[in-house]
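Participant: Below, each chain spelled out in residue letters.
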Amino acid sequence: MKFILFTFLTAVLVLIFNPFLPYWSVMIIIAIFAALIDNGGVAAFFAGGLGMGLAWLGQSIYISTFSGSSLPDKMGELMGFGSEMPLLALTGILGFLLGAFSALTGSLLRNLFKRKPDNIYGG
Amino acid sequence: MKYIGFLVVLALTIALGVAVSTPFGAIPPLAPLLDPNHGFWQNSISEDELAEDELELNNLSSEVQVVYDENLIPHIFAANEADLYRAQGYITAKHRLWQMEFQTMAAAGRISEIVGPLAIDLDRMTRRKGLAYGAEKGIKFTQETDPETYALLEAYADGVNQYIDQLEDAQLPVEYKILNYRPEPWTAFKSILLLKYMTDMLVGDRDLEYSNLRKILGEVMLDKLYPEYPIGVEPIIEAGHKWDFKSLEVTRPDSINYPNDQLVIDPLPQPEEGTGSNNWAVSGSKTKSGNPILANDPHLSLNLPSLWYSMQLTTPNHSVKGATLPGALGVISGFNENIAWGVTNATRDTRDWYKITFQDKARKAYRYGERWEQTTFRIEEIKVKGEPALIDTVVYTHYGPVVYDKTFNSNRQDVNFALKWNVHEGSNEQKTFLKLNTAKNHDDYNVALDNFTAPAQNFVFASKSGDIAMRIQGKFPLKWKGQGKFFMDGADPQMEWQGYIPNEQNASTLNPSRGFVSSANQHPTDSTYPYYVFDNSYEFYRNRRLNNRLSEMSNITVEDMQGLQFDDFYLHASEALPIMLDLLGSDVENDAAAKKYISILKQWDFYADPNQKAPTLFYIWWRETYSQIWKDLSENLAPVVLPSYYQTVLFMKNEPNSEVFDHKKTSERETAATHIKFGFKGLLEVMTKWEEEEGDFSWANYKRTKIQHLVPQFNSFSVENVYTGGGAGILNATSGRSGASWRMVVELGPEVKAFGVYPGGQSGNPGSKFYSNFIPIWANGEYLNFDLRTPDQVDGLLFKTNLN
Chain A
1 MKFILFTFLT
11 AVLVLIFNPF
21 LPYWSVMIII
31 AIFAALIDNG
41 GVAAFFAGGL
51 GMGLAWLGQS
61 IYISTFSGSS
71 LPDKMGELMG
81 FGSEMPLLAL
91 TGILGFLLGA
101 FSALTGSLLR
111 NLFKRKPDNI
121 YGG
Chain B
1 MKYIGFLVVL
11 ALTIALGVAV
21 STPFGAIPPL
31 APLLDPNHGF
41 WQNSISEDEL
51 AEDELELNNL
61 SSEVQVVYDE
71 NLIPHIFAAN
81 EADLYRAQGY
91 ITAKHRLWQM
101 EFQTMAAAGR
111 ISEIVGPLAI
121 DLDRMTRRKG
131 LAYGAEKGIK
141 FTQETDPETY
151 ALLEAYADGV
161 NQYIDQLEDA
171 QLPVEYKILN
181 YRPEPWTAFK
191 SILLLKYMTD
201 MLVGDRDLEY
211 SNLRKILGEV
221 MLDKLYPEYP
231 IGVEPIIEAG
241 HKWDFKSLEV
251 TRPDSINYPN
261 DQLVIDPLPQ
271 PEEGTGSNNW
281 AVSGSKTKSG
291 NPILANDPHL
301 SLNLPSLWYS
311 MQLTTPNHSV
321 KGATLPGALG
331 VISGFNENIA
341 WGVTNATRDT
351 RDWYKITFQD
361 KARKAYRYGE
371 RWEQTTFRIE
381 EIKVKGEPAL
391 IDTVVYTHYG
401 PVVYDKTFNS
411 NRQDVNFALK
421 WNVHEGSNEQ
431 KTFLKLNTAK
441 NHDDYNVALD
451 NFTAPAQNFV
461 FASKSGDIAM
471 RIQGKFPLKW
481 KGQGKFFMDG
491 ADPQMEWQGY
501 IPNEQNASTL
511 NPSRGFVSSA
521 NQHPTDSTYP
531 YYVFDNSYEF
541 YRNRRLNNRL
551 SEMSNITVED
561 MQGLQFDDFY
571 LHASEALPIM
581 LDLLGSDVEN
591 DAAAKKYISI
601 LKQWDFYADP
611 NQKAPTLFYI
621 WWRETYSQIW
631 KDLSENLAPV
641 VLPSYYQTVL
651 FMKNEPNSEV
661 FDHKKTSERE
671 TAATHIKFGF
681 KGLLEVMTKW
691 EEEEGDFSWA
701 NYKRTKIQHL
711 VPQFNSFSVE
721 NVYTGGGAGI
731 LNATSGRSGA
741 SWRMVVELGP
751 EVKAFGVYPG
761 GQSGNPGSKF
771 YSNFIPIWAN
781 GEYLNFDLRT
791 PDQVDGLLFK
801 TNLN
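So the sequences go chain by chain: A and B.
Per UniProt numbering, the first sequence runs over residues 1 to 123.
Per UniProt numbering, the second sequence runs over residues 1 to 804.
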């Protein structure tokens, strides 16, 4: 449950801040968020990654659908992928990596200030 | 342990963040490109979705209204000219920023900054021709002689720059995102530079080739193969026009010693094949409504974003609409409430070459008569993306820059040639367009044209008051017969240009009795014009078709004129094919394929419509025959030009057994028939291959008209295989890569009716639905309504934006 919430909140953060902040600022925000929430490293990694990845993928699909533009296909062709689909995947994966590593960093930062692990098995 | 883990992950995260913001070779930084909030995804959104009621534009004296019609054509309503051009700069930048900047980067020889070392040679060429040098002279000339225009240039630049300052990443044109750079500030200099770039696009010279031909052929044969006035020329100014002025004297030197080198130099790039234009006006006496009708279609390379951008520009004193050039002020080809005007290229040899004899290797002085003249050095620093800058030193003489020297294009020949070109002299073409935009009558038009130097244009004119006119305007050097046709000796002062033809003696006509004026890049005048006029590239087909049609037409309507712009009649084929079929004889008729092709050709009505098969067959047969006829010439190591199609057909018709057809290197004696038969074999070979590989050889499928993005590598931003007819030498001059870049027809009645279209769209953004939406309309020979609009008109409204 916590994992889903973390994922959801990360996505919300991206949707709120990314429109007027560059991606690296969003990475810092996700890291801070992960540092504030008590979560294991692995969970933070995947939740942060999915949050940002799904946000980027969703936004790309949304723009592409409602604009009806052929630009994603043209860009896909230009970059040697042939069409839009691989470009959507690439955008999602890139979002995932950025979100995942940011959240993991935040989560490990939190660990530094922890006196004693509450739960040695993580989670 | 915790610390090490954290530091490792932190380092990884930072490394990742940096990696995705770093370009790798040609691959742009990934995160800024793919970020759906700032990257290319945002460029998918069309302008109407992003419409805003209010935008901030400072330094206006009062609010400016911008009304977009359904085609995204902006109609700007401003209180005065300064506001108008500030808004024009702002709005043009909003829709065409990348293109206007890229074109001026090209004009300045700065493409290497964007794309890296592969553009170095191109940039060196541009700089050695002195385009930026010419623009510097132009800006100085404008500042000194015409502060009003200069102030408007500054207002326009301010408008562009305010847009650049407001520009958010999301709306940054996608080309910047892919090529990973950002727009720099616009300046008045760049607007002038753009007009110089147009000159470069439209003006060529063949002095190098003619010098070689003179040496290879001798003067007699040269005049036979390349006559300056071939039989049957139909000039722009109607033949028999009376020249009512006393012409200036031009003295021809008693003896002329041309430099005698055989020149194996790569010539400068010439205007693209197919660069030309049509324009005409018919007087009320020939039209159904009794109103004059004017038509213009400039032919250029077909590119995206389109060279042209449509706009209406209105102040309380005037309202003008038509095609603008992004980067230049006002409308270039268009109309207002009182007049309409249009342009075609007035090709004439205004670019000459002088052989320079330097005193020594230092190149600090060169011989001029009995003296040594001092040179100056211009250091060109060419910045190169990803590499150190390149320094190119260009030597300047009083003639102009030494373009060819030991460091450039000379194939190690020890040659130095300086370029004299009127683009290097201060001039103010911008003023011509500003004045045409507000002109009310023929006198205003003439005053406007007096400011125009280059590229020389045939300005067609029609007015509501019933006048039609044509004037060939440029700053034309006074030349003795033959001057500037060949490279000249720069050490001999007698080779200098002897001044310029005065503006009022430039060839022009007003309301000729035939009831129309027209131009299509042909000879400007008949041979009675008292000045020497020469160019290699005069056109022989479009003008004759046009004049034939205009002469025989009456009760003309706007639709008739639109039809004439889209006329596919292949005059060259109609003249050459019967001769070719005749000389081919009957030997080939045993071959089944040959029989099929000949039967298609024999049934042809000579229209190059997209579905016709015969134009393809003729085109290939002609090409194979023509190249075989002039094989001896084209096999020369030194660059030459070949005789025109027109002259070649004349030889085939009038003297098919002439020595001009004989290849000197063979023992056989060739005639026109030999080459025609050889060409036919070539046709069979090409067609066998084509039918095997491609199948359909209908004309549109063969010529494959392509409208190409300005960066040719961005192929998916281009539009390929446009289904349309026409071709080079045809009124509808649409060939594979060039054609009518703008079509306009205007009827000057009590209410002006106007139609226009161009092969592109108003948006420069490849993601927008307005990027290429005019192409199908253009390809079908259809038009958009271009009537003047009022600010409160509601029909066909897309959205409105106020600037303040």
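I should point out that these hints are in silico values taken from the structure, not numbers from a laboratory.
Keep in mind the model is a prediction, meaning the values are calculated, not measured.
Mixed in with the good hints there might be a few duds.
Here are the simulated distance ranges between beta carbons [said to hold, decoys possible]:
hint	chain 1	residue 1	chain 2	residue 2	range
1	B	Gln-270	A	Phe-66	31 to 37 Å
2	A	Val-12	B	Trp-690	55 to 61 Å
3	A	Lys-114	B	Asn-180	39 to 45 Å
4	A	Ile-28	B	Pro-776	47 to 53 Å
5	B	Thr-22	A	Lys-114	30 to 36 Å
6	A	Asp-38	B	Ile-4	18 to 24 Å
7	B	Glu-720	A	Phe-66	24 to 30 Å
8	B	Glu-144	A	Phe-66	34 to 40 Å
9	B	Lys-596	A	Phe-66	49 to 55 Å
10	B	Asn-715	A	Asp-38	29 to 35 Å
Quick list of in silico lysine-lysine cross-link-like pairs, DSSO-like style, CA-CA up to 30 Å [said to hold, decoys possible]:
hint	chain 1	residue 1	chain 2	residue 2
11	B	Lys-137	B	Lys-385
12	A	Lys-114	B	Lys-2
13	A	Lys-2	B	Lys-2
14	B	Lys-385	B	Lys-406
15	B	Lys-215	B	Lys-653
16	B	Lys-689	B	Lys-677
For glycine and all other residues, C-beta sits at the position ideal for the given N, C-alpha and C.
Participant: Hint by hint, say whether it matches the structure.
Facilitator: Now the hints, each set against the structure:
1. Gln-270/B x Phe-66/A: 31 to 37 Å: Hint violated: Cβ distance 47 Å, outside 31 to 37 Å.
2. Val-12/A x Trp-690/B: 55 to 61 Å: Distance hint for Val-12/A, Trp-690/B holds at roughly 60 Å.
3. Lys-114/A x Asn-180/B: 39 to 45 Å: 42 Å, holds
4. Ile-28/A x Pro-776/B: 47 to 53 Å: 48 Å, holds
5. Thr-22/B x Lys-114/A: 30 to 36 Å: 35 Å Cβ-Cβ, so the 30 to 36 Å window holds.
6. Asp-38/A x Ile-4/B: 18 to 24 Å: 22 Å, holds
7. Glu-720/B x Phe-66/A: 24 to 30 Å: 28 Å, holds
8. Glu-144/B x Phe-66/A: 34 to 40 Å: 54 Å, violated
9. Lys-596/B x Phe-66/A: 49 to 55 Å: This hint holds: roughly 53 Å between Cβ atoms.
10. Asn-715/B x Asp-38/A: 29 to 35 Å: 52 Å, violated
11. Lys-137/B x Lys-385/B: Distance of about 28 Å is within 30 Å: holds.
12. Lys-114/A x Lys-2/B: 10 Å, holds
13. Lys-2/A x Lys-2/B: Holds, at roughly 24 Å.
14. Lys-385/B x Lys-406/B: Between Lys-385/B and Lys-406/B the Cα gap is close to 26 Å, so the pair holds against 30 Å.
15. Lys-215/B x Lys-653/B: 28 Å, holds
16. Lys-689/B x Lys-677/B: 19 Å, holds
When each numbered hint is compared with the structure, violations occur for hints 1, 8 and 10.
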